[in-house]
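Take the given structure of chain A and dock chain B to it, following the hints.
Those protein sequence lines, which keep their order, are chains A and B. Position 152 of the first sequence, counting from 1, maps to 152 under my numbering, and the rest follow consecutively. Position 154 of the second sequence, counting from 1, maps to 1154 under my numbering, and the rest follow consecutively.
FYI, nobody ran anything at the bench for these hints, they're computed from the structure. Nothing false has been slipped in among the hints.
Ranges between beta-carbon positions, derived for each pair:
1) A:Arg-204 <-> B:Glu-1221: 32 to 42 Å
2) B:Glu-1135 <-> A:Gln-59: 53 to 63 Å
3) A:Ala-200 <-> B:Arg-1225: 29 to 39 Å
4) B:Asp-1157 <-> A:Glu-36: 52 to 62 Å
Sample of chain B residues lacking proximity to chain A, with all beta carbon distances greater than 10 Å (derived):
5) Leu-1047
6) Ser-1052
7) Tyr-1125
8) Phe-1130
9) Glu-1135
10) Phe-1158
11) Asp-1206
Think of the CB as a built atom: it goes at the ideal place given N, C-alpha and C, for glycine as much as any other residue.
There are 2 protein chains.
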Amino acid sequence: MRLEAGLLFASDSRTNAGVDHIATFRKMTVFEQAEERLIVLLSSGNLATTQSVVSLLQQRLHHDGMHLLNARSMYDAAELVGQTIREVLARDAHDIQQAQGIDFGGNFLVGGQIRGEAPRLFHVYPQGNFIEACEDTPYFQIGESKYGKPIIDRVVDFRTTLAEAAKCTLISFDSTVRSNLSVGLPIDMLLYRGDSFAPARPHRIDREDRYFMRLRRGWGEGLRRVFARLPDAEWFETPDEPKR
Amino acid sequence: MRLEAGLLFASDSRTNAGVDHIATFRKMTVFEQAEERLIVLLSSGNLATTQSVVSLLQQRLHHDGMHLLNARSMYDAAELVGQTIREVLARDAHDIQQAQGIDFGGNFLVGGQIRGEAPRLFHVYPQGNFIEACEDTPYFQIGESKYGKPIIDRVVDFRTTLAEAAKCTLISFDSTVRSNLSVGLPIDMLLYRGDSFAPARPHRIDREDRYFMRLRRGWGEGLRRVFARLPDAEWFETPDEPKR
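Only chain A is shown next, with the shape it has when bound in the complex:
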């Protein structure tokens, strides 16, 4: 999310190749230089592809040429991620994909701030092109995004505070985790206040996290209370049905 107050990043850590092979991998990678820049990558899709993209981006920090610690703008950083996706897919996927029906693609969210610019957030597609979040559409999701979208659409806009956005994000993840096996705890969350250039302090939320437990319970009970108070429709009231 790219909000007026800053940026929020969150990722789960479940990866799977079918339900019989479920593993935990961090999907958030931070690149930072004190007082000058913070760039955060979130990934979804084929793990071999996204890991390779991240590894190449990290390895090249020590090389000549453009990399994430010397890119002049977040736009250039997003373009670099896109190029690297194309490079990995050209290497790994050019023939095999057709033959085996495997999806080698990966999506990235690339957000952060480089001194001289406002905080920015991009969604880089498997094709390497990308779009940027704006005031009207202040957030992106990648991966298993649909289950958790309605609550974000109801609550979050550009002026939402970081604390509220974090609360909403955890509720959104909770809905997804309940409805889909391919998304699972722990959740990595990173909040960045615009123009602070503060060191990144990602917070890892597992199933014993007290705040998350409190949110889950409070939200679930609250929903059921709101639901119970809403009226039944007259057009199918059925006198023979006992009230529960």
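Chain B only, in chain A's frame:
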């Protein structure tokens, strides 16, 4: 949904071929014989395929051989729907699909009651095979199902009353309609009390439906109230952020 009390069917009426071609079509078809059987079909997927399947099933009611008004069991009815999907796909999709990358597939939900059996509900896949709902999994969704799944998972179980199930279904549709353009009003809803063999009275809910408007408003306000009362996390309280 196949509940202890009976069956609930609901469908939206939006079909699209890209966002520039959006149209309204009924996706619910009822086959009934007074005091003897009620069979309801809901469809999703390729409209040419699903309309053909329904037309063939209707046309054959007047022919010899098995059809939906003489099938001996709901199991046989589901199998007939599956066979008809295979027949239409064999006719329309056998070469073209490979060449043009079009998905000709359609999914059907087939539910109802035939005298001598309990109410039953099946999900028939594009391949023509099918699964049946049971007490542990009392509902199926087809089409754009993810946005609206979390609320159903929280509220509905086998013992939920029909009125509560209807309320939950409308809330689920509301969430989907808000988050995805490919799902839209009006909603067709049909409730069937088990063993009643009562005439089907589908209810059509459009955006002026007073009950639906009341649910939407009450649910939206209720969610925001529950959300506002949940606490912020201590681990990212930021004293410089003004409270809204």
